[in-house]
Amino acid sequence: MAPVKVYGWAVSPFVARALLCLEEAGVEYELVPMSRAAGDHRRPEHLARNPFGQVPVLEDGGLTLFESRAIARHVLRKYKPELLGGGDLAASATVDVWLEVEAHQHHPAAGAVVKECVVSPLLGGAPDQAVVGENVEKLRRVLEVYEARLGRSRYLAGDLVSLADLSHFPIMRYFMDTEHAALVEALPRVKAWWEELAARPAARKVAELMPPNFGFSKKP
Amino acid sequence: MAPRKLYGMPLSPNVVRVAAALNEKGLDFEIVPVDLRTGAHKQPEFLALNPFGQIPALQDGDEVLYESRAINRYIATKYTEGPELLPTPSAKLEVWLEVESHHFYPHVSPLVFQLLIKPMLGGAADPVVVDKHAHELARVLDVYETHLAQNKYLAGDAFTLADLNHMSYLFCLSKTPKADLVASRPHVKAWWDDISARPAFQKTVAAIPFPPSA
Chain A
1 MAPVKVYGWA VSPFVARALL CLEEAGVEYE LVPMSRAAGD HRRPEHLARN
51 PFGQVPVLED GGLTLFESRA IARHVLRKYK PELLGGGDLA ASATVDVWLE
101 VEAHQHHPAA GAVVKECVVS PLLGGAPDQA VVGENVEKLR RVLEVYEARL
151 GRSRYLAGDL VSLADLSHFP IMRYFMDTEH AALVEALPRV KAWWEELAAR
201 PAARKVAELM PPNFGFSKKP
Chain B
1 MAPRKLYGMP LSPNVVRVAA ALNEKGLDFE IVPVDLRTGA HKQPEFLALN
51 PFGQIPALQD GDEVLYESRA INRYIATKYT EGPELLPTPS AKLEVWLEVE
101 SHHFYPHVSP LVFQLLIKPM LGGAADPVVV DKHAHELARV LDVYETHLAQ
151 NKYLAGDAFT LADLNHMSYL FCLSKTPKAD LVASRPHVKA WWDDISARPA
201 FQKTVAAIPF PPSA
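Which chain is which? The protein sequence lines are A and B, in order. As numbered in the working numbering, residues 1 to 220 make up the first sequence, in order. As numbered in the working numbering, residues 1 to 214 make up the second sequence, in order.
Next up, chain B with everything else stripped away, as it sits in the complex:
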């Protein structure tokens, strides 16, 4: 059977979000490079996979999907081996999946772009943008801190997709000067220490081609 193909750049946290899910389920896949720097994501070949021209896209047999969170739902639903990432019904899980998408992501994503990705592309972080999003992310993580004081994982007692969907950006954040946003919050830190120690995630990050530190 042809291997699953994950289209994107191995450094992109949205691509890593999917890689993390594939690894949790013990699924084989290959990353097919789509280099944003050359505009490959706007070429007809890639637009045939994702008409919105963004990475990642996943090809799994006849199925072609895009939007990393939709891809992860599909992986969690289709593959029953490994941890149950999407036990249903779980209203709490659905809530925290949306919290990642609409409270966490809108602030962590520009932070990671400014502090990690822009410097790799030869640019400099914009301190106004960094401060604004760091401030907002701090307020969001205060809510997480309270929640994780009463819940071992976001949806309750077990690791689920709600936790997993945070991991690629949490990992990137940990490589920036704003890592203290997590490290300074005891329950958020304990949750991150726990989930990042998962063997599947160790495998995922080993494959991220971070450039050597200066």
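This is chain A alone, in the form it adopts within the complex:
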């Protein structure tokens, strides 16, 4: 049987999300490297897989999927459904709520800070401090809700770890390397939750492919 294939560059937090799920589910896969610099994602053979020209793409048997969160759901539903709340409607509904929170409350703010503070400098630019300030503030308010939530349950969606927690790992891996990690450090439950997430064997393995400088070499 053809192995599962993931196309993309592992430094991408979106590709990393797909890899993390495969690692958590113990699924054998092949990472097909692509070069962002060479514009591999804009070539016709990639556009045939993902008309939006982005990574990751996952091939599983006859299926081709894109959008990292759709890939994550597919992998876990097929190979480790307990990470989506299992068959229990109340549990899976709560996982779904916190998956949307990650996508619409957490990622826009944390992603913006990573883009300005990590990616911009690597591309030779300077962080837009207004954008950073605005998004640090947004993220602070969001994480205060997480702090309260984690006072009532061990993980975001309840007492069992789920994709809702795991889905945060990739962008936070980069965020925690910025000076704004202090936001997380100041919230004891969020801090403990993050440290436990990052200590998972699957997360450690994927993090090895995600150097803090995104694999860029600094230009002189």
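Read the hints as simulated data drawn from the structure, not as lab findings. Because the structure is a prediction, the values reported are computed rather than measured. Just so it is clear, CB atoms sit at the ideal spot from N, CA and C, and this is done for glycine as well. The reader is advised that the hints may include incorrect statements.
Part of the chain A face toward chain B, derived, beta carbon under 8 Å [as the list claims (entries may be wrong)]: (1) F52; (2) A93; (3) D128.
Non-contacting residues of chain A with respect to chain B, defined by C-beta distances greater than 10 Å in every case (computed) [said to hold, decoys possible]: (4) V11; (5) G26; (6) S35; (7) D40; (8) R43; (9) A103; (10) V119; (11) A126; (12) A130; (13) E137; (14) A148; (15) A181; (16) E196.
Heads up, simulated DMTMM-like pairs for lysine to aspartate or glutamate below, C-alpha to C-alpha not over 20 Å straight-line [as the list claims (entries may be wrong)]: (17) B:K42 <-> A:E147; (18) B:K78 <-> A:E82; (19) B:K175 <-> B:D193; (20) B:K42 <-> A:E137; (21) B:K92 <-> A:E59; (22) B:K118 <-> B:E81; (23) A:K115 <-> A:E137; (24) B:K78 <-> B:E45; (25) A:K78 <-> A:E23; (26) B:K132 <-> B:E84; (27) B:K92 <-> A:E45; (28) A:K191 <-> A:D128; (29) B:K132 <-> B:D193; (30) A:K78 <-> A:E59; (31) B:K42 <-> A:E144; (32) B:K78 <-> A:E147.
Could you slot chain B onto chain A? The hints should help.
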């Protein structure tokens, strides 16, 4: 049994996203007003339902949920009457649910805010913001055009949640000068004409309190 309660403003497209799903499933519900203009969404009473202080929230028996797309998944999974909105397994459906969330929504939402909501609040549309998002949405809809040339609905042959989740914003977009973004793309237009003609959606839009045109 206490009716389902959908908290929010009846004009909010994120609230209408949920109303559309409830109507497709033929479920009774009442809209409980949460007026953003008075800051009701930041009051403790509402924060107890959604600690992120956003509308909508849904109370269904003992269940309280927020995030409209999560609410819609719950409705589609729990209620088996009516159309099957979330047939599983469907990888294609999951992909296009995410496409709505991360390609369509980020551009249609600011467009609708600038062109429809801001004027209702006495403000004026910012042409720079409008142009930027109209340009990006056009590129996204070009992908939809190709996809819908080969698929009657986003996930294939049948109407699913992937189509439904677009409808509230498509409806709002159709009320703006940027309606041509859809109207100028034959397959996107045909898809919109088809899904917006669904009786459940007709019921949904009849309940949206649009102010009379000037």
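Original post:
Hints broken by the structure, by number, lowest first?
Top reply: Hints 3, 9, 14, 22, 24, 26, 28, 29, 32 are the ones this structure does not satisfy, whereas the remaining hints hold.
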